[in-house]
Amino acid sequence: MSHSILGKSQEEKQVQKGLLDGIKRGETVLEARGITKRFPGVVANDHIDFEIRAGEIHAILGENGAGKTTLMNILFGLYQPDEGEVIVGGKEVKFRSPLDAIDLGIGMVHQNRKLVSAHTVIENIVLGHPRAGKILNLKRTGGEINELCERYGFKIDLRAKVWQLSEGEKQVVEILKALYRGAKVLILDEPTSALAPPETKKLLASIEAMATDELAIVPFITHKLPIVLAISDRVTVLRRGKVTARSETACVTEKSLAKEMVGREVIFRLERANVETGKPILQVENLSALSDKGFLALEGVSFSVREGEIFGIAGVSGNGQHELAEVLAGLRKAQGGKVILGGKDITHSSCLERWQMGLGYIPSERVEVGSIGDFSLVENIAMNFYFDANFSQRGIVDYGNIRKLTEEIVSEYNVAAPSPDTKAKNLSGGNLQKLILARVLSRRPRLLIANLPTQGLDVGATEFVRNKLMEAKKEKAGILLISEDLDEVLSVSDWVAPIYEGKFTGIIPGEEAKRESVGAMMAGSRPPLFLPPVGGGEGGQET
Amino acid sequence: MWEFIARSLEASTIFTFAALGELINQRSGVLNVGIEGVMLFGATLGFIAAQSTGSYLVGFLVGIAIGGLLGLFHGFFSITLGADQVVVGMGIWILGFGLTTYIGNPYTGPLGMERIPTVLGVSPFFYVGIALVIVTWFVLSKTSLGLRIRSVGENPSVAEVSGIDVAKTRYLCVITGGMLMGFAGAIYSLDYNPVWNYNFLMGWGFIALALVFFSMWNPLILLGGSLLFGTLWQLSLNPQLLLPGVLSRYIWRTVPFAITIGVLMIISTKWFRLRWGATTPEALATPYVKE
Amino acid sequence: MRIGSHELRLEKRLTLTGWEAAIISILAIIFGLALFSIIFILDGVNPLFAYQEIFSYAFANPYGLPLTMSRFIFLLLCTSAFIIPFRAGLWNIGMTGQLYVGALGAFAVLFALGGKASRSADLSPGILIPLMLIGAALGGAGLAAIAGFLKGRFNINEIVVTMLLNFIAFWLVSFMIKEGGPFMNPGGRGESFELPFSVRAPLIMGIPFTIFLALGIALVLYFLFAKTQIGYQIRAYGHSPAAARYAGISTFRIPLLVFIMGGAVAGLAGYHYFAAVPGVYKIARNYGFFGDLAFYGIICGLIALGNPLAAIPVALLFGGLSIGGRFVQGKLNMGFGLDYALLGVLMITLVAFQFFYRYKIVWVKTGEDRLDVGVYR
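If you're matching them up, the sequences are chains H, S and F in order. Numbering-wise (this note's numbering), the first sequence opens with residue 1 and increments by one. Numbering-wise (this note's numbering), the second sequence opens with residue 544 and increments by one. Numbering-wise (this note's numbering), the third sequence opens with residue 835 and increments by one.
Any given hint could turn out to be false.
[Stated by the list, open to error] Below 20 Å or equal to it, Euclidean Cα-Cα: the simulated SDA-like pairs (lysine to any residue) are:
| hint | chain 1 | residue 1 | chain 2 | residue 2 |
| --- | --- | --- | --- | --- |
| 1 | H | 333 | F | 1079 |
| 2 | F | 1194 | S | 689 |
| 3 | S | 685 | H | 302 |
| 4 | S | 813 | F | 959 |
| 5 | H | 134 | S | 627 |
[Stated by the list, open to error] Which residues of chain H face chain F? A few of them, derived with a C-beta cut under 8 Å, are:
| hint | residue |
| --- | --- |
| 6 | 72 |
| 7 | 290 |
| 8 | 340 |
| 9 | 370 |
| 10 | 395 |
Hints listed in this document are in silico derivations from the structure and should not be mistaken for laboratory results. Bear in mind that the values here come from a model prediction, so they are computed numbers and not experimental data. Glycine included, every Cβ here is placed at the ideal spot set by N, Cα and C.
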């Protein structure tokens, strides 16, 4: 809840403010004791203890749903714990809002960027700053911010509008914002999930620079195990709301960490099913498309996908893959080029026509586009069936039949919902994705386009989705997989195509794709001697 | 001819005040489609107050006050209760339309007071309007408060974590906006056309709404827009100045409205948007719910 | 608020059944009427007496009842005209303008076929009345289509456009019926020519046949939304245009379609009032009053939550309130505009009660975790 109307007394404020002044390396700056937080039906944090010291990088690890986000939100003042205390610089504190946390020097950098896209970098950094003064003095502020940039190796144009920036640059803005407010503790939520490997390297270097600067400490929250091992001093693992392990990073391995996170042995590589591929079901020739802002997002891309084949596109978000998916699905106009489905040119076909011709699209935005929250499950299933001859006659929709289909889907895919009349907005992310997947797959598409199908899902749901993709592959569907998770793409795809700035930097056969090189290609480097053929035939050399 | 220009400027003043009020609202993310209702209240109650007390000052103060009150009302439902802002705005409009018809009926007729003296041949409020536009522009683009307001309108959750009280900022804006709208109504009934009649505002509140979209949320462009519309309106009343005897005066009355629609069409085309690029405050009409 | 071991809490609703919605709507109406009694009290009138007069005149009086029924038909048509775009998430506040142009359309047909010439012109109602209906529907649809097109193609705010069109239509009517306009009554009283006797709408028990039109349309709309493909597409678009696009629904055609449909129905309301109500049979000089009355359609539509069948009793109630209100205004010597004021108060009450569609007040044991709140995992 927000501030009380009267606010704190001046005295109290002054006592609280200086808690982290004069802290030295190695001293505990932030501590959580017995933190417990409950939501209806689930205990998100269950008596969690941990502490962070000045100058250290302390990673917090856990899958989705383990309670990381809740914990960080409590430390940052967004939530109140039901039980337990937060201790800053040795004194117990109660945050009534993020403002209290910021005042004390705790800064947070969120996973879903909390920036105002329409404003400039400097406007975002200065927003709400107590020292900003009535009239904005952007020159002076700019100078101060540039100093910070020099110190930690950030390169950013203060006058750029945030929507023009890359994911990595946006993150830098958020970090600068926290540092400019005097953060002594920096909480980073999934800092590398949206970055290509080279950008990640840059970020890690800056983080180490901040840690060396005594007071800036940086707890990580990540499920990218190699990064944790590379950079942190200590690690704490969360599972189902409890702390399951705490140790110096030097003493753990990837395997042991994964085990603590999930509670069982984790298999890192999926069995890539060997299926005989058929003829090309999708042929894309020289396809171009504009982004929403009017820039060329996709530049003359050509490739093809065969029946029974998974073609994986790996890339950091914002490089044109989203526009590619939408053009193929019929949701975006092509600026040039051709799309051929099963031999027919569908470049100018409507979305509906494509559905009827056997194309299936799983959109990345499952809530805004893939489903209608206020509709029941039955009505959501109807989204892909209301026009189908089996389910509607002469303009009248046979809801009875659709309901039957819904019931079958719910049981086969194990969608957790009390009844087919439940509204879609009451489903969890994983269940919603299962519903959408089921709906699309029930049409037995010849070409399936899956746009970020496992984003935001926990390990269980992710496994389920991948298995279903494999099943579709066995049924000879051609699958175009777009994912920001490089490991996912590498583990299931028959062909891997890294995308960078609207072009494929290569098209590599699955068995030959190596993490290092594909990662580099995602960030723009092109292997020499490479010719990306239409049809993904010959494969190429890697650096 | 000068008379025509003066009247155009005076008409534009009212558009300026009302649209400026809504611009401030919308910049903070609140949509009020009931501008007409607020103006009707400001005009009617201001008229009644002035006539009853014989004092213009009282009339204007009442108009401004009722506007602020209605702004608060709109704010309460939109901000605190998170209701559908369009519904609330429609409610205010119909309430205004309905109640003022009934309340104002006994006062139908001229105000009966001495006209407010003009400055340089134009009503003094015209100059006040220009000053307000400049102040608003300055505050929004050059001050911290302005940055806060804009951020609240673009992305309230970001503003919240930056330590800004979203609700307070929005309330500030809707009350200020409401006061300006009530003021606009009072100017209409006390200065521009001091005669009370049932439904005398003739849709000016909706033209003001269109103006805000037209101005792309920039106060300076808004001023230009209201000057244009004031002139158009005056022209529709006196078509003989431009094209004597060409069409029935009724057809001329439709011209300002038709041109408004035309303008909205132009600024909505992709070409225009990409060139001039201004966008709607992202969080417009979305209630902000704290997590 | 706590009392002992239980407390009163505000909770977000997960579901809203038809019954619950109906109860809230009824409570809203009752509350609004109660609030309105302040106006009666301020004028020294006993509100209970006033309401009694209103209802008895509207529903039990041989002069009042037919008036109420005519008003009811008008309101039901306006409400349906509002509901169609409303289900698509769009606001049609242009019923006023649409009904004006609809009336012009109907009279245009008459004009073209010689009806203006004389009141006793012998024209066949069997042909003319359907033609007039078509003319009215086309007129209303045409005007509304502008708003629908602008919304579908350019995403221009339909509230602003329909409202501006209202004013344009208003002046258009003035042009047609006053100062030498084509439809002007030769007697020159600033109103349109009168409907020839032969083309007056047939009455059934004193009520114009348009009642079947209005009820029929309401039924058709209900069926449309509940069972048909088009209905599904409209509803999907109404909840989420982005998802609707994904499902193959045209985000250009739907706004255009719903406005054309809504405009056509509003046009019929124009036919009804100016060509079918006994005692009128022309576009009167105070036609603006009926245009303003169309705004009741918005309130009825909101109270009925967009359900075309629920709109029927609501429109009937409001028809009675409107007629009864006007009667009481005259009988008790209250100011002009009483029914307008009633309109206003009811609307704002409804707005306030919107809150209860989304939240409910519950009486629970303190500390108990309510399991039916939240997300299913």
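Tested hints:
no., hint, result
1, 333/H with 1079/F, "holds (13 Å)"
2, 1194/F with 689/S, "violated (37 Å)"
3, 685/S with 302/H, "violated (48 Å)"
4, 813/S with 959/F, "violated (50 Å)"
5, 134/H with 627/S, "violated (33 Å)"
6, 72, "violated (20 Å)"
7, 290, "violated (17 Å)"
8, 340, "violated (20 Å)"
9, 370, "holds (7 Å)"
10, 395, "holds (5 Å)"
Checked against the numbered hints listed earlier, the structure breaks hints 2, 3, 4, 5, 6, 7, 8; every other hint is satisfied.
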